[in-house]
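Using the hints, position chain V against chain A.
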Amino acid sequence: MFSPNFSKYNRHANASLALLAPLFVLSAPAYAEQYLSVAQAQQVLFTGASFEAHFLTLNEQQREQIKAISNVRQRWAEQQIWKAFEQDKFVGWFIIDKVIGKHEFITYATALNADGQVQGIEIMDYRESYGSEVRLAPWRAQFHGKQKVQNVKFNDTISNISGATLSCRNVTNGVKRLLAIHQLFLVTAV
Amino acid sequence: MLNHNYLPRKITCTSLTLALLMGLSPLANAGESLLGVTKGAEPLPKGAKELYQKFNCRADKGSGDYHALDFATEFEYGISHRFAASIALLGHHVKTSGLIIDGYIPEENQRTALSGIELGVQYAFLTPALDDIGLATSFNLEYDTVDKHSGQNKDTLSATLGLQLQKYFLDGQLVWLANAGLETTHATRQPIASLDPTVEWPTFAEMEIGLALASGLSYRYTTNWSVGFEGLYEEEYETEVGQERWSLFAGPSIHYGGKTFWSTLSYLTQVNGGGERYDGQPSNKHLIEKTHSELRLMLGYNF
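Going line by line, the protein sequences match chains A and V.
If you read the first sequence in full-length UniProt numbering, its first letter stands for residue 1, the second for the next number, and so on.
If you read the second sequence in full-length UniProt numbering, its first letter stands for residue 1, the second for the next number, and so on.
Just so you know, these hints were derived from the structure itself, not from any lab.
Keep in mind the model is a prediction, meaning the values are calculated, not measured.
Check before you lean on any hint, since a few could be wrong.
As the list claims (entries may be wrong) - Just a few of them, taken from the derived set where beta-carbon distance is under 10 Å, the chain A residues facing chain V:
#  : residue
1  : Asn59
2  : Arg75
3  : Val99
4  : Glu122
5  : Tyr130
6  : Phe154
7  : Asn155
8  : Asn160
9  : Gly163
10 : Arg169
Claimed, not checked - With a straight-line cut-off of 25 Å between C-alpha atoms, the simulated DSS-like cross-links for lysine-lysine are:
#  : chain 1 : residue 1 : chain 2 : residue 2
11 : A       : Lys89     : A       : Lys153
12 : A       : Lys148    : A       : Lys83
13 : V       : Lys167    : A       : Lys67
14 : A       : Lys153    : V       : Lys167
15 : A       : Lys148    : A       : Lys89
16 : V       : Lys167    : V       : Lys49
17 : A       : Lys89     : A       : Lys67
18 : V       : Lys167    : A       : Lys98
19 : A       : Lys146    : A       : Lys89
To be verified - FRET-style restraints, in silico, Cβ to Cβ:
#  : chain 1 : residue 1 : chain 2 : residue 2 : range
20 : V       : Ile133    : A       : Val190    : 38 to 46 Å
21 : A       : Asn71     : V       : Phe229    : 25 to 33 Å
22 : V       : Asn284    : A       : Asn155    : 46 to 54 Å
Where a beta carbon is used, it is the ideal one built from N, C-alpha and C, also for glycine.
So here's chain A without its partners, still in its complex pose (with noise of 0.2 Å):
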């Protein structure tokens, strides 16, 4: 099964690579671009701000209403979200999410302001051969302000990039899906 869990993926990989392993002695090895960590991504779209940790878990009822509000599945059980504070004042949210691109997840951080507008996006992580254009700022800058999901549309609202689609479809739908979670579980948390 698809899941975060990424301690059992690299079990089933390394058994995997094993069997196989004699099929990829051409490889070049795939290897993470990871751009930020989470540290410097709650920096670079909270500046100078304090984390509180306010991690949700999910049960199914409840990843069924995400999924009835943004027509996106949530994969995940628990949803990594912190609370952003400056000099003690909440100031928004931070939320690290993962979506699926061609052969890995794409993992992002998303900010939404005190009124659950999105503040900004960073690419954390892409691995993907081709695609790395969503990381480009003024694709990501077509988020800010968003705050409905009904508002956010692939190749409407939210253009593609040629080239990009999937990985530009899967953020935008994990945006929607992120906003459907503070629509419905963050509002009556500050």
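Using the frame of chain A, we list chain V on its own:
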């Protein structure tokens, strides 16, 4: 232009079918392959360059000892986000003994040759991530000088028109692929000086039409790794006998895809087949042009 009325029926039957299958598949085109034979409709991005090495090991015709390996080294370039072009060098290794088939395998042989070239283009009308379903067409032109069945000299020119469908499910974790291919071939065998005069080996020009349909599913079960299952139906027609052969292959595949490298290993077995059979053939499958099994390995590198 070939007039089939001049051709004795048996010679036509046996000879025309030899001309098919000069590529690794009538469905052949480039791109990252999640499955062994069923290709995707996702175009290579503009400016992308990929190098592929493909192998197809064919074995077991039911009698004698038959092993063949088709290999291709291919380069593909993304001209635009929807249009890509490729060029490939083709080669064959054929080792056969204990089996003589009129018109197909005229004598025992062991030969390895780099023998052909293939040019291909693919255009995507719809892309699967943007339009919900991907739809692409491909055109391949191939010239080869060696017959992949017997390893004998044979000039073959074939043109293949293909259609590819691709649909993402579960955000791209599950992918459905389907292909259709139509191939026309013109081929001429070269004479064999030392050939046993009782064995047929016609050397006049021939033409034929082949149809191929393939479909499969690929599921990414963990990061970078996918497993799949596909089926391939092929049939071939020529003027005098109509449908000359058909076969249905099916089998599993495993795919690894990374940032710069991908690989796919697939095994296909002939589930059923029909049409022409050679004298003394031990089963009802089609084993003149086909074998009981095919093992394919594809390696891809982008740079």
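* Regarding the hint that Tyr130 (chain A) lies at the interface with chain V, is the smallest CB-CB distance below 10 Å? -> It holds, given that the least Cβ distance between Tyr130 (chain A) and chain V is near 5 Å, below 10 Å.
* Asked: Going straight from one Cα to the other, do Lys167 (chain V) and Lys98 (chain A) come out at no more than 25 Å?
  -> Answer holds: Lys167 (chain V) to Lys98 (chain A) is near 22 Å, not above 25 Å.
* With a cut-off of 25 Å on the C-alpha distance, tell me whether Lys153 (chain A) and Lys167 (chain V) pass. => Holds - the C-alpha atoms of Lys167 (chain V) and Lys153 (chain A) are around 20 Å apart, at most 25 Å.
* Given the proposed pairing of Lys148 (chain A) with Lys89 (chain A), does the C-alpha separation stay at or below 25 Å? -> Given pair Lys148 (chain A), Lys89 (chain A) holds - Cα atoms ~24 Å apart, limit 25 Å.
* Asked: Are Glu122 (chain A) and chain V close enough, Cβ to Cβ, to be under 10 Å, as the hint says?
  -> violated, 20 Å
* Distance restraint evaluation - Asn284 (chain V), Asn155 (chain A), Cβ atoms, bounds 46 to 54 Å -> holds, 51 Å
* Hold the hint about Gly163 (chain A) up to the distance rule: shortest CB distance to chain V must be less than 10 Å. => With a closest approach of 3 Å, the Gly163 (chain A) hint holds.
* **CB-CB spacing for Val190 (chain A) and Ile133 (chain V) relative to the 38 to 46 Å hint** => holds, 42 Å
* To do: Under 10 Å, Cβ to Cβ, is where Val99 (chain A) needs to be relative to chain V, so tell me if that hint holds or is violated.
  => holds, 7 Å
* Asked: Holds or violated: are the alpha carbons of Lys167 (chain V) and Lys49 (chain V) at most 25 Å from each other?
  -> Roughly 24 Å separates the two Cα atoms, so the pair holds.
* Interface hint outcome for Asn155 (chain A) [beta carbon to chain V under 10 Å] -> holds, 6 Å
* Between Lys89 (chain A) and Lys67 (chain A), does the CA-CA distance stay at or below 25 Å? -> violated, 31 Å
In this structure, the hints that do not hold are numbers 1, 4, 11 and 17, in rising order.
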